[in-house]
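Enquirer: Given next are the chains, with one letter for each unit.
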Amino acid sequence: MELVGEEKKIQALFSELRLADQVAAPSFAGVWNRAQLRTRTRLSPLNFSLAAAAFAVFVAVVALVLWSNSRQQTSPTNHTAAVTPAMPSVTPPLTTVPTQPKGISDEEQRRAARNLLAARFAARQRAELLAARRAEIRDATAISSWQSPTATLLSSQNDALLNSLPQLNESAKELKSFLPNK
Amino acid sequence: MDIAELKAELEQYHAACFGWALSCCARDRAEAEEVLQTVYLKILEGKARFRGEASLKTWLFAVIRKTAATEYRRNLLRKLRVAVSSEQVSKREPAGGEVDAAFDRSEEQVRFRLALQHLPARQREALHLVFYEDLSLREAADVMGVSIGSARQHYERGKKRLREVLERTEVDYGISWRGKENPGAV
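Those sequence lines, one after another, are chains A and B.
Note that our numbering gives residue 76 to position 76 of the first sequence, counting from 1, and the numbers run on in steps of one.
Residues are numbered in our numbering as their position in the second sequence, beginning at 1, plus a constant of 182.
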């Protein structure tokens, strides 16, 4: 662009301004490094939040696994423990499964654990069955011994005579005494 | 263009970029540095990517201009939020006290800077890009994001306005702009 008169003057003023700015300009390395630093500091909170989220998920998963394991182990034991005193002759002792000695293989340990669970399950079933039978017997007894509350109103002094049968060797005279007088 | 290559190019244009950032930030040195740093950050993070559609310098200046505008708006909102005094809000307005800070400037240079601050932003940008950065009007239009006709209009009006402001201040200072430009006419 060809500059004339006034433009040259403006150009000169801008050139002077440019020179002053160049002197005052910060170093490129400084600005660039600070920008790089800001990049890192901007990324680090993201990383931290990601790590925190991952840790929270990990903790939640571990807690869930522990809770489910403890529930599996405690719930049958508690149930059998509650039922066991009522049927000492039926329920097999839970400690019958021998504890595994150290040094056995994982497969054997797993098998032993399975056996223990099966034994507990069987004991639980037996306990439930026995409890059901006892309940049935108790109900039958209650029904058989039931008496009507109005049964006393139907009773009389001659109940013994009415409910009994005459003997074969009894005389007719004696029998007449039961008949109403004419 | 990989980042090392780009870094070398950026270093080459660093002084010009700082000058342009100063112009976009109303000659506020700290803010200009902040804007430039943000621009480099954008480049590093890949938010601003050079696709070769224009020259690197034009693209870089456009990024600086946009970033400065964003920063200006952000600062303004921040200031409004904390309900600062009106003096603090109008900090970006031209003030004689902030002009003469670190440099040994001539009286004329001080008046020139004040006159630039009195120009509308578009006109100031057009003049700066053409005279300070030695860009053509087409390149200036690209940086400003306007058509070349619009850029030319801003450029012409800017020159006229600058002359008027300088003349007015010369009267205040008792110096003649036209007399200096053309001593023979006096």
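Hints listed in this document are in silico derivations from the structure and should not be mistaken for laboratory results.
Just so we're clear, the structure is a prediction, and the values are computed from it rather than from any experiment.
Keep in mind that a hint or two might mislead.
Below 20 Å or equal to it, Euclidean Cα-Cα: the simulated PhoX-like pairs (lysine-lysine) are [unchecked claim]: (1) B:K239 x A:K8; (2) B:K229 x B:K189; (3) B:K261 x B:K224; (4) B:K261 x B:K229; (5) A:K8 x B:K341; (6) B:K248 x B:K229; (7) A:K9 x B:K341; (8) B:K239 x B:K229; (9) B:K261 x B:K239; (10) A:K9 x B:K229; (11) B:K261 x B:K189.
Partner residues aside, some chain B positions facing chain A, computed with beta carbon under 8 Å [as the list claims (entries may be wrong)]: (12) H196; (13) E215; (14) F232; (15) F313; (16) R345.
By construction, the Cβ of each residue, glycine as well, lies at the ideal position given by its N, Cα and C atoms.
Enquirer: Give a verdict on every hint.
Expert: Quick rundown of the hints versus the structure:
Pair hint B:K239 plus A:K8 does not hold up; C-alpha atoms about 24 Å apart against a cutoff of 20 Å. Among the hinted pairs, B:K229 with B:K189 is consistent with the structure: their alpha-carbon atoms are about 15 Å apart, no more than 20 Å. Between the alpha carbons of B:K261 and B:K224 the distance comes to roughly 24 Å, so the proposed pair goes past 20 Å and is violated. At roughly 27 Å between alpha-carbon atoms, B:K261 and B:K229 are farther apart than 20 Å, so this suggested pair is violated.
A hinted pair counts as satisfied when its Cα atoms are at most 20 Å apart, and A:K8 with B:K341 qualifies at roughly 11 Å. Between the alpha carbons of B:K248 and B:K229 the distance comes to roughly 13 Å, so the proposed pair stays at or under 20 Å and holds. A C-alpha spacing of about 11 Å is found between A:K9 and B:K341, which places the hinted pair at or below 20 Å, so the restraint holds. Distance hint between B:K239 and B:K229 is fulfilled; the C-alpha atoms sit about 17 Å from each other, no more than 20 Å.
Between B:K261 and B:K239, the direct Cα distance comes to roughly 32 Å. Violation of the 20 Å bound is thereby established for this hinted pair. Simply put, A:K9 and B:K229 have alpha-carbon atoms about 39 Å apart, too far for the 20 Å limit, and the pair is violated. Distance hint between B:K261 and B:K189 is unfulfilled; the C-alpha atoms sit about 34 Å from each other, more than 20 Å. Because the closest C-beta pair between B:H196 and chain A is about 4 Å apart, less than 8 Å, the hint holds.
Hint status for B:E215: holds, given a least beta-carbon distance of 5 Å to chain A, under 8 Å. For B:F232, the interface hint is violated, the least distance from its beta-carbon to any beta-carbon of chain A being 16 Å, above 8 Å. A hinted interface residue such as B:F313 counts as satisfied when its beta carbon comes closer than 8 Å to some beta carbon of chain A; here the least separation is about 4 Å, so the hint holds. Checking B:R345 against chain A: minimum C-beta separation of about 6 Å stays under 8 Å; hint holds.
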